[in-house]
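Colleague: Sequence lines, in order, name chains A and B. Residue numbers for the first sequence follow this note's numbering, so the first one is 1 and each next one is one higher. Residue numbers for the second sequence follow this note's numbering, so the first one is 1 and each next one is one higher.
Among the hints, a few may not be true.
[What the hints assert, rightly or not] Subject to a maximum C-alpha distance of 27 angstroms in a straight line, what follows is the list of computed BS3-like cross-link-like pairs (lysine-lysine):
| no. | chain 1 | residue 1 | chain 2 | residue 2 |
| --- | --- | --- | --- | --- |
| 1 | B | Lys27 | B | Lys490 |
| 2 | B | Lys441 | A | Lys139 |
| 3 | A | Lys82 | B | Lys367 |
| 4 | A | Lys30 | A | Lys4 |
| 5 | B | Lys170 | A | Lys139 |
| 6 | A | Lys139 | B | Lys174 |
| 7 | B | Lys109 | B | Lys431 |
Derived by calculation from the structure, the hints in this document are not laboratory data.
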Amino acid sequence: MLTKPALTPAQRDDLRSFAAMIIPDSAEYKVPGADDPKIQADIVATLGRDTEPVREALDHLARLAGQPLAGLDPARRETVAKEFRNSGGAAAATLIRVVLQCYYRDDRVLRSLGLELRPPFPEGYTLEQGDWSLLDPVKARPAMWRRVP
Amino acid sequence: MNEAVDVLIIGAGASGAAVAWSLAETKMHILCLDQGGWMNPAAYPSTGRDWEARFFGDYSPSPNIRARPEDYPINDDNSPIKVVNFNGVGGSTVMYTAHFPRLHPSDFKVKTLDGVADDWPIDYDTLAPFFAENDRMMGVSGLSGDPAFPPTEPPMPPLPLGRSGAALGKAMNKLGWHWWPSDTTVATTDYEGRARCINLGHCTPACAQGAKASTDITYWPAALRAGVELRTHCRVREITTNEHGMASGVVYYDKDGVEQFQGAEVVIIACNGIGTPRLLLNSASGRFPNGLANSSGLVGKNLMFHPYAQVYGFVEEVTDSNRAPPICLWSKEFYETDLSRGFVRGYAFQFGRGAGPVMEAVMSEAKGILPWGAAHHAVFRRLNGHRLQLSAICEDLPEEHNRVTLDPHLKDIHGIPAPKVDYTIGENSAKMMEHGVARAKEVLAAAGATDICVNCPILYGGWHLLGTARMGTDPERSVVNEWGRSHDVKNLFIVDGSVFVTSGGVNPTSTIQAIALYIADQMKSRLANLFD
Numbered sequence: 001m002l003t004k005p006a007l008t009p010a011q012r013d014d015l016r017s018f019a020a021m022i023i024p025d026s027a028e029y030k031v032p033g034a035d036d037p038k039i040q041a042d043i044v045a046t047l048g049r050d051t052e053p054v055r056e057a058l059d060h061l062a063r064l065a066g067q068p069l070a071g072l073d074p075a076r077r078e079t080v081a082k083e084f085r086n087s088g089g090a091a092a093a094t095l096i097r098v099v100l101q102c103y104y105r106d107d108r109v110l111r112s113l114g115l116e117l118r119p120p121f122p123e124g125y126t127l128e129q130g131d132w133s134l135l136d137p138v139k140a141r142p143a144m145w146r147r148v149p
Numbered sequence: 001m002n003e004a005v006d007v008l009i010i011g012a013g014a015s016g017a018a019v020a021w022s023l024a025e026t027k028m029h030i031l032c033l034d035q036g037g038w039m040n041p042a043a044y045p046s047t048g049r050d051w052e053a054r055f056f057g058d059y060s061p062s063p064n065i066r067a068r069p070e071d072y073p074i075n076d077d078n079s080p081i082k083v084v085n086f087n088g089v090g091g092s093t094v095m096y097t098a099h100f101p102r103l104h105p106s107d108f109k110v111k112t113l114d115g116v117a118d119d120w121p122i123d124y125d126t127l128a129p130f131f132a133e134n135d136r137m138m139g140v141s142g143l144s145g146d147p148a149f150p151p152t153e154p155p156m157p158p159l160p161l162g163r164s165g166a167a168l169g170k171a172m173n174k175l176g177w178h179w180w181p182s183d184t185t186v187a188t189t190d191y192e193g194r195a196r197c198i199n200l201g202h203c204t205p206a207c208a209q210g211a212k213a214s215t216d217i218t219y220w221p222a223a224l225r226a227g228v229e230l231r232t233h234c235r236v237r238e239i240t241t242n243e244h245g246m247a248s249g250v251v252y253y254d255k256d257g258v259e260q261f262q263g264a265e266v267v268i269i270a271c272n273g274i275g276t277p278r279l280l281l282n283s284a285s286g287r288f289p290n291g292l293a294n295s296s297g298l299v300g301k302n303l304m305f306h307p308y309a310q311v312y313g314f315v316e317e318v319t320d321s322n323r324a325p326p327i328c329l330w331s332k333e334f335y336e337t338d339l340s341r342g343f344v345r346g347y348a349f350q351f352g353r354g355a356g357p358v359m360e361a362v363m364s365e366a367k368g369i370l371p372w373g374a375a376h377h378a379v380f381r382r383l384n385g386h387r388l389q390l391s392a393i394c395e396d397l398p399e400e401h402n403r404v405t406l407d408p409h410l411k412d413i414h415g416i417p418a419p420k421v422d423y424t425i426g427e428n429s430a431k432m433m434e435h436g437v438a439r440a441k442e443v444l445a446a447a448g449a450t451d452i453c454v455n456c457p458i459l460y461g462g463w464h465l466l467g468t469a470r471m472g473t474d475p476e477r478s479v480v481n482e483w484g485r486s487h488d489v490k491n492l493f494i495v496d497g498s499v500f501v502t503s504g505g506v507n508p509t510s511t512i513q514a515i516a517l518y519i520a521d522q523m524k525s526r527l528a529n530l531f532d
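Isolated chain A (complex conformation) (with noise of 0.2 angstroms):
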C-alpha cells in the first residue's frame, strides 16, 4: 500500500510560493531561494511531526489566497502573505519554522555564510581565551557577598 504524502499537491505549490516569498534567491550571495528544488524535498522528506500544523498553515493560506499563490499578483500576494502573518498562531509559525531550519542547513547557504558544511560532533570549534586583564578591575573589587547573621 502505498504511503499518503505528507503535503497535496497544491499544498506543495503553495509551500513553493511561500517559502520563495520568506526568502528569495540572491545572485548577490549566490545562494539559492527556499523554493529550491533540494530544500524543498527536505522540508517534505523531514517534516514529521510537523506535518499537522504545516498542513493546517497551508490550508489557512489557501483560504486567505482563495487561488493559489503563485496565481496572484504580487501586491496580493505580500498582502495575503501579511495577513497570513498575523492570523496564522502557532501553526504559521511553525511552517515559516521548518522553512528556516531546512534553508539554513543547506550545503550552498552555509557556504556562502562562511560556516563549514558538519555537524558540531566530533570535531568541535576552537574558542580563544580572550582577555583575562579584563577581570583585573573586578578582582580588585572588595567583597560584595551579604553576611548572614
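Following the hints, complete the assembly by docking chain B onto the known chain A.
Modeller: For chain B alone, kept in the frame of chain A given last:
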C-alpha cells in the same frame, strides 16, 4: 514478586544519583527506579546535520513537545512560564546548560534579612562541604576569587572568555558592574574519565562528547560500581503505606507495562518539583486522603520557577555564537537586596555567547527583525554570528497559589494522572524582571549592540522546579524536616528541588545536589534511629 530492598530511590536525575552514590557506602541494598532509560550519546543532536532542528522536536526541552515515551504530559496552560525538563537516567542534567552557581548565604535567611517568605532550617555553612563534594563529583570548572561569593575552589580552570565573554566583560567594566566567569560542569581539562571540552557548542540538549557533566556519566557509574541497582523504564504510580503509616514500597509499571510492587524499608523521592508532588498526590489513600506526606496541605504549593528576563542584541564584531558552551559569565551586581530598586531580593545575570544559524533565523524572524524578501540575506548576515545576550534570573518568592495539582483529565501513557500547574508571576518578581530588562539594555548599549530584543519572561523557561514540598521544622508549615524526612511518614525522604524554601536567584542544580548529599549524610549518621 520483587525482593524488598533497604532503600528505594525514585528518580535517577541530579539528586537521585547523588543520594544513591552517597548511601552506597552503607552497603545497604539500594534500588533506584527511573521512568526513562540510559541515554545514547551517539544519537545526540550535535552528531547530525539536523542538530538545531531537533531542538524543536525530539530534543525539545518541553516534555509536551518532546513527548518521548519516558516523558509525562504536564498541563501548564495556566502558566506564563512553561515547564521544561528531561526524563531518563541523568534527568535534567542531560539537558541543561551546565551553569553551576550555588545559592548565596543570604538566600537561606530571607525572612531574617528581608522580612519575606521564610528562612531555611539549614544554612550555607551546613551545605558548604557538600557543595565542595558535589563540585568534585560533577567536575566543576571555574575561577576562585569572585568578590560576590564566599571562597570556593573549583577543581578545574574556567572556560575561556572567548570573543563573547570579552565583549560582555568590557561592557560591564564600562558600567563598573560585577561580572565573573561562570562555574560550569563543562570539563576544561581531562577529568575523571571525561575528556576536556572541544566546544561542540550545542551543550543544552545533551553533550555528545561527554565533557558536560550529567549524572549518567558522573555519579551513576560510581554508584553502580559500589553496588547500587538501577532499574530503568520503570514508572512509579504510587507509594504504598502499611498499617503503621510507614511507606511500604511502590507500585510501578515495568518496561513491558506490567504492574509491579517493590517493597522497601526506606523510600526516597527524587522526581523534581513537579514530579514529586504529582507522586505524593497520586499516593492518596484512606489514611492519607489528601495525598501522602500532606498533613500540612503544602504538597504542590509554593511552586517557584525563576522567571527569566532575556535581552539580546547584535554587535559589529563576530561573537562566539554556537561554537562554544552557551553560558560564559555571570553577574551578581543586582543579587542582594537594595530597597531603592523597588523590590526585595534580587537576580543574577547569566551571559550567553550567541546562537547557531537556524536558531538565529527562527528567533529573529519571530521578533520581526529578520525580514522576508530580498533584504533577508543582507540582514541575516548582519545578525548571524553577532549576537550577545544576557538573562536576569529572578528570585521567585513562594506563593501558595502557585501550585501543582493533579489534572482531572490528562494522563500519561500508563493512565497515571498528570500534573497541572497554576502559576502567576508575583508583583515582586515582575518588578525585578523590569529592572533586569532595563539594566540588560544598558549592558548591551555599552557593548554597542543594536536591534535589541526582549523575552520577558522566557516562555519555555521553567527549568527550575522548586518549593512544592518545602523543608522546615514546623510540620504545619512544611512537608519535610530539616534533613529531608517527611513529617508524616517517618521512612519517606525527599531530596530534590521540591524541598527549597525559597528559590534564590541562580540556577539550582548545584544546591539541589548539595542538599541531596547532605540528606544522605544525615541519614547515614542517624541509621540507628532513622525513624524516631
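Colleague: Each hint needs a verdict: does it hold in this structure or not?
Modeller: We went through each hint and held it up to the structure:
With a C-alpha separation of about 21 angstroms, the suggested pairing of B/Lys27 with B/Lys490 holds against the 27 angstroms cut-off. A hinted pair counts as satisfied when its Cα atoms are at most 27 angstroms apart, and B/Lys441 with A/Lys139 qualifies at roughly 24 angstroms. For the hint linking A/Lys82 to B/Lys367, the alpha-carbon distance of about 15 angstroms falls within 27 angstroms, and the restraint holds. Pair hint A/Lys30 plus A/Lys4 does not hold up; C-alpha atoms about 36 angstroms apart against a cutoff of 27 angstroms.
The straight-line distance between the Cα atoms of B/Lys170 and A/Lys139 is roughly 14 angstroms, inside the 27 angstroms bound, and the hint therefore holds. Taking the CA atoms of A/Lys139 and B/Lys174, the gap is about 15 angstroms. The hint holds against a cut of 27 angstroms. Only pairs whose Cα atoms come within 27 angstroms are accepted, and B/Lys109 paired with B/Lys431 is accepted, the gap being roughly 21 angstroms.
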